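So the chains spell out like this:
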Amino acid sequence: MGRLLYIEWLKLKNYRTFWILGILYLISIFAVNYIGYRIQEEVYREEATKGMAQMVLGPKPWSFPLVWHTAAWITSWLLYFPGLMMIILMSNEFTFKTHRQNIIDGWSRHQYIMVKFVYGILAAVLSTVMMFLTALFFGFIHDSDFSTDNMHYILFFFVVAVTYTMAALLISLFIKRGALAIGLFFIYGLVIENLLAGLMNYYLKNAGRYLPLESADNLLMPFPFAEAAQKQITQPYNHTLLFIFAIGYLLAYFYFSYKRWRTADL
Amino acid sequence: MAILTVENLYKNYGPIQALKGVSFSVPEGSVFGILGPNGSGKTTLLGIIMDILRPTSGSFKLFDEIPNENHRKRIGTLLETPNFYHYLNAEQNLRIAAEIKGRGKEDIERVLHVVDLYNRRKSRFSTYSLGMKQRLALASCMLGDPKVLVFDEPTNGLDPVGIADTRELIKRLHKEGKTIIMASHLLDEVEKVCTHVAILQKGTLLAHGHVDEILVNEDIVEVGAADLQQLQAVLNSYPRATHLKQDGQFIEVFLPAGTANLEEINRYCFEKGATLNHLRLRKKSLETKFFELTQNNN
Chain A
1 MGRLLYIEWL KLKNYRTFWI LGILYLISIF AVNYIGYRIQ EEVYREEATK GMAQMVLGPK
61 PWSFPLVWHT AAWITSWLLY FPGLMMIILM SNEFTFKTHR QNIIDGWSRH QYIMVKFVYG
121 ILAAVLSTVM MFLTALFFGF IHDSDFSTDN MHYILFFFVV AVTYTMAALL ISLFIKRGAL
181 AIGLFFIYGL VIENLLAGLM NYYLKNAGRY LPLESADNLL MPFPFAEAAQ KQITQPYNHT
241 LLFIFAIGYL LAYFYFSYKR WRTADL
Chain B
1 MAILTVENLY KNYGPIQALK GVSFSVPEGS VFGILGPNGS GKTTLLGIIM DILRPTSGSF
61 KLFDEIPNEN HRKRIGTLLE TPNFYHYLNA EQNLRIAAEI KGRGKEDIER VLHVVDLYNR
121 RKSRFSTYSL GMKQRLALAS CMLGDPKVLV FDEPTNGLDP VGIADTRELI KRLHKEGKTI
181 IMASHLLDEV EKVCTHVAIL QKGTLLAHGH VDEILVNEDI VEVGAADLQQ LQAVLNSYPR
241 ATHLKQDGQF IEVFLPAGTA NLEEINRYCF EKGATLNHLR LRKKSLETKF FELTQNNN
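From first to last, the protein sequence lines stand for chains A and B.
Using my numbering, the letters of the first sequence correspond one by one to residues 1 to 266.
Using my numbering, the letters of the second sequence correspond one by one to residues 1 to 298.
Bound-form chain A, shown alone (with noise of 0.2 Å):
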């Protein structure tokens, strides 16, 4: 696998997109914490509200043990971009043939199809340890505590990025055309997804908890602002159920894949 990674990487050292895109992704977990962090120094700060703010909202989303939870829940709104750059160093192997040309020139399908896996989990990975030290950092810098209350937060928001790696590879393989598959990725999981999902919350009872990225991402629900509201209007989420339907798609992603690879005309 060292050997198949090696090559890979001699594929990405020299692609400039890759490593723009790659950068201010991960200046932009940084970035979006950043501002959530203002937000909550804005409202919190005034004397006058702070009473209120306390009282509404709760403790302070970007202090220990909140921290962990906050953190992943604004950071997976940016897992898109993994996803995305999935797509796009597969689609750019369909244009270019390559995918053809790697296997003409030695390795074998599952080689080809593993390594691929192996790189939406190093973009998990990766997503996930950029997530786990910003949010370090917010805690430290409120003074607060260090707490590991809440980390399993940490465990919840590496199975939703893994989710949008191995989704967004999933759709490149069937649909080749890089274009239509970023679309498509980014209009299922913005729109039609959410609008499923509210359908069958309201009429199947809250059965849209479970589509397939739905049950990803609302392992880091309840969000972690005004808590106590937001536990009287929905009903609680089911989190062990909902890991077990994450896990189960995941698993359905690498078979989908792994048997599209295997058997396809390339």
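Simulated from the structure, these hints should not be mistaken for lab results.
A couple of the hints might just be wrong.
[Unchecked claim] With a Cα cut of at most 20 Å, we get these calculated DMTMM-like pairs of lysine to aspartate or glutamate:
1. K133(B) to D116(B)
2. K11(A) to E106(B)
3. K176(A) to E80(B)
4. K175(B) to D165(B)
5. K97(A) to D51(B)
6. K122(B) to E106(B)
7. K13(A) to D116(B)
8. K175(B) to E222(B)
9. K11(A) to E91(B)
10. K97(A) to E69(B)
11. K11(A) to E99(B)
12. K175(B) to E191(B)
13. K73(B) to E42(A)
14. K147(B) to E176(B)
15. K97(A) to E191(B)
16. K97(A) to E153(B)
17. K20(B) to E8(A)
18. K176(A) to D51(B)
19. K61(B) to E28(B)
20. K259(A) to E69(B)
21. K105(B) to E8(A)
22. K97(A) to E99(B)
23. K97(A) to E91(B)
24. K13(A) to E91(B)
25. K259(A) to D51(B)
None of the values given here were measured: they were computed from a predicted structure.
Please arrange chain B on chain A, whose structure you already have, making use of the hints.
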């Protein structure tokens, strides 16, 4: 040893049958031409052998073994178009190919010299002309000096000099003892460099074997005389001829391969009172043969 053995290969794309039970084998050390018009299934056939297409049924062997990726590492292949990363330069692209094949980078310089791209090695692939791309693909095939090379339309996009160079290259590789499998729709190309040929048409293998066997199974003698009608009458009784054909100002006499004897024909005509003003032995060209084979099947 057979380099490649294809057994009863079928490939369907939906309702379209691209290969209909193709079987043949490629002996070691041959230059094996797969000849056929566009859309006859050449690339499909090579694609299956390279594991980028799945056969509908049938099987094949490489080096007399069940094929796997390690066999492909020992074969230099150019399939259809040069496939490289557009944003990398020649050297970086060859580096990736060399790593996949399990060769070191020391061979890269050599192959760049062979195809005369060394001076452009630092230019990005996207800046290359079609001919340069094709040459880079040939260079990539030669990485690690493989014993077997597979070329699909190797002279595609090359100018006349490039075409001649490529032919020389193929001949030289053949002399070095390499086996070359080459698909082409250009008869001329196959005729000039191949030792063996398989003729494909609409997914069916029409004929295959040694070039001499496939291409020359008849001798043709062109004869001419002032009085063609008289000459025809005389030749009608010539016992060795299988049939005659009038072709413009000459008559073509068809004889079984290797039986044409010009002196005897000359004497025979003269004795029967026809004086020849033209006499020439012609081996059947591949082109005639090719058209004949493909047209019979339409």
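Results for each hint:
1. K133(B) to D116(B): 12 Å, holds
2. K11(A) to E106(B): 19 Å, holds
3. K176(A) to E80(B): 19 Å, holds
4. K175(B) to D165(B): 15 Å, holds
5. K97(A) to D51(B): 14 Å, holds
6. K122(B) to E106(B): 16 Å, holds
7. K13(A) to D116(B): 26 Å, violated
8. K175(B) to E222(B): Status violated; Cα separation ~35 Å.
9. K11(A) to E91(B): Between K11(A) and E91(B) the Cα gap is close to 12 Å, so the pair holds against 20 Å.
10. K97(A) to E69(B): Within the cut-off at roughly 18 Å; holds.
11. K11(A) to E99(B): 11 Å, holds
12. K175(B) to E191(B): 17 Å, holds
13. K73(B) to E42(A): With Cα atoms ~63 Å apart, K73(B) and E42(A) exceed 20 Å; violated.
14. K147(B) to E176(B): It holds: about 9 Å lies between the C-alpha atoms, which stays within 20 Å.
15. K97(A) to E191(B): 31 Å, violated
16. K97(A) to E153(B): Answer holds: K97(A) to E153(B) is near 17 Å, not above 20 Å.
17. K20(B) to E8(A): 38 Å, violated
18. K176(A) to D51(B): 19 Å, holds
19. K61(B) to E28(B): Satisfied, since the Cα-Cα distance of roughly 13 Å is no more than 20 Å.
20. K259(A) to E69(B): 18 Å, holds
21. K105(B) to E8(A): 16 Å, holds
22. K97(A) to E99(B): 18 Å, holds
23. K97(A) to E91(B): Measuring from Cα to Cα gives roughly 18 Å; hence the hint holds.
24. K13(A) to E91(B): Holds - the C-alpha atoms of E91(B) and K13(A) are around 14 Å apart, at most 20 Å.
25. K259(A) to D51(B): 15 Å, holds
Hint violations for this structure: numbers 7, 8, 13, 15 and 17, all remaining hints satisfied.
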